[in-house]
Amino acid sequence: MTGDGLDAAFTIRLSDHFRLDIDLAIPPGRTVALLGPNGAGKSTAVATIAGLLAIGSGRISLGGEILDAPELDVFVPAALRRVGVVFQDYLLFPHLTVLDNVAFGLRTRRIPRGEASALAHELISRFGLEGMEGAKPSELSGGQSQRVALARALAAEPRMLLLDEPLSALDVTTRARMRHTLADHLRDFSGPRLLISHDPTDALLLADEIHILEDGVITQTGTADDILLRPRTQYAADLAGSNLLEGMAHGGAVDVGTAMVHIADRQIEGPVLISIRAAAISLHLDRPEGSQRNSWSTTIWRVEQMGSRVRIRTGPPLPLTVEVTEGSRGELGLEPGRAVWIAFKATEIGVQPG
Amino acid sequence: MIALGVVGLSVFVIPLVGLVGRVPWSDLPEILTTDLVIDAFRLSMIASVSATAISCVLGIPLAFVLARVEFPGRGVVRAIVLLPLVLPPVVGGAALLFALGRRGVVGEPLNSLTGLVLPFSTWGVIVAATFVAMPFLVITVEGALRTMDRRFERAAATLGASRWTVLRRITLPAIVPSVVAGMVLTWARAFGEFGATVTFAGNLQGRTQTLPLAVFVALESDRDAAIAVSLLMVVVSLIVLIALSDRWWGRVS
Numbered sequence: 168m169t170g171d172g173l174d175a176a177f178t179i180r181l182s183d184h185f186r187l188d189i190d191l192a193i194p195p196g197r198t199v200a201l202l203g204p205n206g207a208g209k210s211t212a213v214a215t216i217a218g219l220l221a222i223g224s225g226r227i228s229l230g231g232e233i234l235d236a237p238e239l240d241v242f243v244p245a246a247l248r249r250v251g252v253v254f255q256d257y258l259l260f261p262h263l264t265v266l267d268n269v270a271f272g273l274r275t276r277r278i279p280r281g282e283a284s285a286l287a288h289e290l291i292s293r294f295g296l297e298g299m300e301g302a303k304p305s306e307l308s309g310g311q312s313q314r315v316a317l318a319r320a321l322a323a324e325p326r327m328l329l330l331d332e333p334l335s336a337l338d339v340t341t342r343a344r345m346r347h348t349l350a351d352h353l354r355d356f357s358g359p360r361l362l363i364s365h366d367p368t369d370a371l372l373l374a375d376e377i378h379i380l381e382d383g384v385i386t387q388t389g390t391a392d393d394i395l396l397r398p399r400t401q402y403a404a405d406l407a408g409s410n411l412l413e414g415m416a417h418g419g420a421v422d423v424g425t426a427m428v429h430i431a432d433r434q435i436e437g438p439v440l441i442s443i444r445a446a447a448i449s450l451h452l453d454r455p456e457g458s459q460r461n462s463w464s465t466t467i468w469r470v471e472q473m474g475s476r477v478r479i480r481t482g483p484p485l486p487l488t489v490e491v492t493e494g495s496r497g498e499l500g501l502e503p504g505r506a507v508w509i510a511f512k513a514t515e516i517g518v519q520p521g
Numbered sequence: 004m005i006a007l008g009v010v011g012l013s014v015f016v017i018p019l020v021g022l023v024g025r026v027p028w029s030d031l032p033e034i035l036t037t038d039l040v041i042d043a044f045r046l047s048m049i050a051s052v053s054a055t056a057i058s059c060v061l062g063i064p065l066a067f068v069l070a071r072v073e074f075p076g077r078g079v080v081r082a083i084v085l086l087p088l089v090l091p092p093v094v095g096g097a098a099l100l101f102a103l104g105r106r107g108v109v110g111e112p113l114n115s116l117t118g119l120v121l122p123f124s125t126w127g128v129i130v131a132a133t134f135v136a137m138p139f140l141v142i143t144v145e146g147a148l149r150t151m152d153r154r155f156e157r158a159a160a161t162l163g164a165s166r167w168t169v170l171r172r173i174t175l176p177a178i179v180p181s182v183v184a185g186m187v188l189t190w191a192r193a194f195g196e197f198g199a200t201v202t203f204a205g206n207l208q209g210r211t212q213t214l215p216l217a218v219f220v221a222l223e224s225d226r227d228a229a230i231a232v233s234l235l236m237v238v239v240s241l242i243v244l245i246a247l248s249d250r251w252w253g254r255v256s
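Chains as they are written, first to last, in our numbering: chain A, 168 to 521; chain B, 4 to 256.
It should be emphasised that the hints constitute simulated quantities derived from the structure, not laboratory data.
Mixed in with the good hints, there may be bad ones.
[Claimed, not checked] So the derived label-pair ranges between C-beta atoms look like this:
{"hint": "1", "chain 1": "A", "residue 1": "Thr178", "chain 2": "B", "residue 2": "Asp152", "range": "22 to 32 angstroms"}
{"hint": "2", "chain 1": "B", "residue 1": "Arg154", "chain 2": "A", "residue 2": "Thr348", "range": "23 to 33 angstroms"}
{"hint": "3", "chain 1": "A", "residue 1": "Arg476", "chain 2": "B", "residue 2": "Glu73", "range": "49 to 59 angstroms"}
{"hint": "4", "chain 1": "B", "residue 1": "Glu73", "chain 2": "A", "residue 2": "Thr348", "range": "36 to 46 angstroms"}
{"hint": "5", "chain 1": "A", "residue 1": "Ser305", "chain 2": "B", "residue 2": "Val16", "range": "29 to 39 angstroms"}
{"hint": "6", "chain 1": "A", "residue 1": "Glu502", "chain 2": "B", "residue 2": "Asp152", "range": "23 to 33 angstroms"}
{"hint": "7", "chain 1": "B", "residue 1": "Val52", "chain 2": "A", "residue 2": "Ser305", "range": "30 to 40 angstroms"}
{"hint": "8", "chain 1": "B", "residue 1": "Ala102", "chain 2": "A", "residue 2": "Ser224", "range": "50 to 60 angstroms"}
{"hint": "9", "chain 1": "A", "residue 1": "Ser305", "chain 2": "B", "residue 2": "Ala246", "range": "25 to 35 angstroms"}
{"hint": "10", "chain 1": "A", "residue 1": "Ala302", "chain 2": "B", "residue 2": "Asp152", "range": "16 to 26 angstroms"}
{"hint": "11", "chain 1": "A", "residue 1": "Arg186", "chain 2": "B", "residue 2": "Arg154", "range": "17 to 27 angstroms"}
[As the list claims (entries may be wrong)] Partial pick of chain B residues on the chain A-facing surface, computed with a CB cut under 7 angstroms:
{"hint": "12", "residue": "Arg154"}
{"hint": "13", "residue": "Phe155"}
{"hint": "14", "residue": "Gly163"}
{"hint": "15", "residue": "Ser165"}
{"hint": "16", "residue": "Thr168"}
{"hint": "17", "residue": "Pro176"}
{"hint": "18", "residue": "Pro180"}
{"hint": "19", "residue": "Val182"}
Note that CB positions come from ideal geometry on N, CA and C, so glycine has one too.
The shape of chain B in the complex, shown without the other chains:
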């Protein structure tokens, strides 16, 4: 059991070792302070944090609907919500392009009404990241709502609590750990997003080129830069995952 576990762990550790072994340590400060990297880092942060925020605002209510409202076709709706988890991101990006592109079914009226153009813009990066990452939040929060003991909500009602008070003082506090866990997963997925972004938003430095896209471009031209940026992503991701895992994931279980 333990031996197999160690082998399993090595699946994750070996690539990491390979990467760290090739890091050009002496040139690292210089590479990481180029405009290209700074722009990509800033954009990745903006996109992943925005996607997480949007996922919370829209995903928590969606999780409530899926967990608490009975309606015909709920299984189909849930499947559609979870589709981005299994769909190749490139397909998702293409679908976004057809729907939200300048001449897409939603993109065209959106453009003529607001003048907003999503593809090949920073907004497009955020939309693509939200599309692939929000399912993590919905699935986590929906699970928490389904497994929570609803008798506490009934007890609160007998104490005179309105539906809003029950939601605010009983239901939401009960699912906070799951919301945070879902946010971490969502952020992590958005931070590493590549396929849908490059398809839907393109690869323009400063506007749509996030860190993963910068790595992909650099692999062709400047291998050291690719490794340096990869290391940057590994470090940032690890910091977030470690900082939050101790505080929150322990509480979820």
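Isolated chain A (complex conformation):
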């Protein structure tokens, strides 16, 4: 890719047991999310692109300029990359005021103090923080800190933005509000944007494209719909609240080893991945009647309360996770050990080549 986008294809070995393999391209004006569990290598990815950590092999380039390429002996240090970073804990300089924090990146570009202050003032009011100029970071709320961190990063006029878990330090209410504010500000930034998150909601709402990172490897790339409807790994399936199964498809049925699952697609043949959303599966005390092609009797293994929803894990022949409401749990008396009938429609199953 060329233009003002980010191209990152590299490998870095952090220990004998951990290697990070990244391959992503972000065009200007687009947000890509790197979504993965803790320890997947997300923060390492941020550090390498920001220039705080050198890659082992491969190449990182931004707007056609090579930032890191060990084979070419090129490494542009962080201070010269103009990659703006919003850190997980924001890392606002505690001894500087809000104004001086925001003006920091302007002053390093040798913009005179007066002009830098004026520009910082302008940014601060654009972020709805008028009157906070003289405050120290310790006096700010989580949401305010996040906005100051974003304003500080943008003040340095970066060529791209890296957002490392920008919402994870906020409480639930602030988080929902800031997600929308952040979405607005991201739209105003014309360069490539990389969002790091372990929260699927952030990634689904803020990103145009999602890369799932597990154990240092990108395991799936796609839009929010791709991930939700056709998860390819157990992690992605968990995010989507789905059951992920591997099997062999033949004539509209998939042999998953201990059971045959009927699917709507009669054409597909060979190894496939199928996903069944936990909420699309129903439980019954008697054999269900009607159009549901997939139905068998099983017993309940475990019951987990998740707020107003209940997750139920069923046993053989095919262990599945089922999501029901608290009401139907009480109505049907769904407790571990209970014999039930399970049912789901063939049309509710996501099927993709394995």
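Please build the complex by placing chain B on the supplied structure of chain A, with the hints as guidance.
Just chain B now, kept in the frame of chain A:
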């Protein structure tokens, strides 16, 4: 717990009471304005302030090296730096004499090159005070550099800050409280320094006789003068410690 704490406090208070109880209050103005005391006070001030200043100029970079540069034998180097804290000052003074004396390994070339003679001179007093006191500054600043959150420095780098800008605007402000605390400790140690000074610089009034040396001499000849000078040291030290503790030590913790 509180009872033991009070006993602990008494360890510090009892000698103070003993001293204050013996102060010849009526003769105090006269004793404290003798040439001997004025000379010693001036010299103590010059030596302790100079030693603190030199410790800052040399000790802060040394703390940076110990905290930030990885090199083989760093543990040994740190031990050598901290040695004056545990060494009897007399031994330190003797070591200084062998090294920096007129015929010492460093003293001889220093003398022939610059004509400077350190032993038995005011410079010698400053060197001895620096030797025993600088470890306090190094250890305090090194600790601050080790415990500070380095992610702020990285954040500054992503905002375009050069290494020098990071040092000036992020790292140094972060360690200022510790530097000041280290300076106070260094000054206090230098102000009370006795053993290394008397060994290395001698006891010449007006040139190398600091307040502690004056007290030691006076104990033999003029007990009232010894007590008066001791009181002077207690008062000056307390003023400095109280004035700075409220402002700075609170911030360090």
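**OP:** List, from low to high, the hint numbers that the structure doesn't satisfy.
**Re:** Failing hints, ascending: 6, 18, 19.
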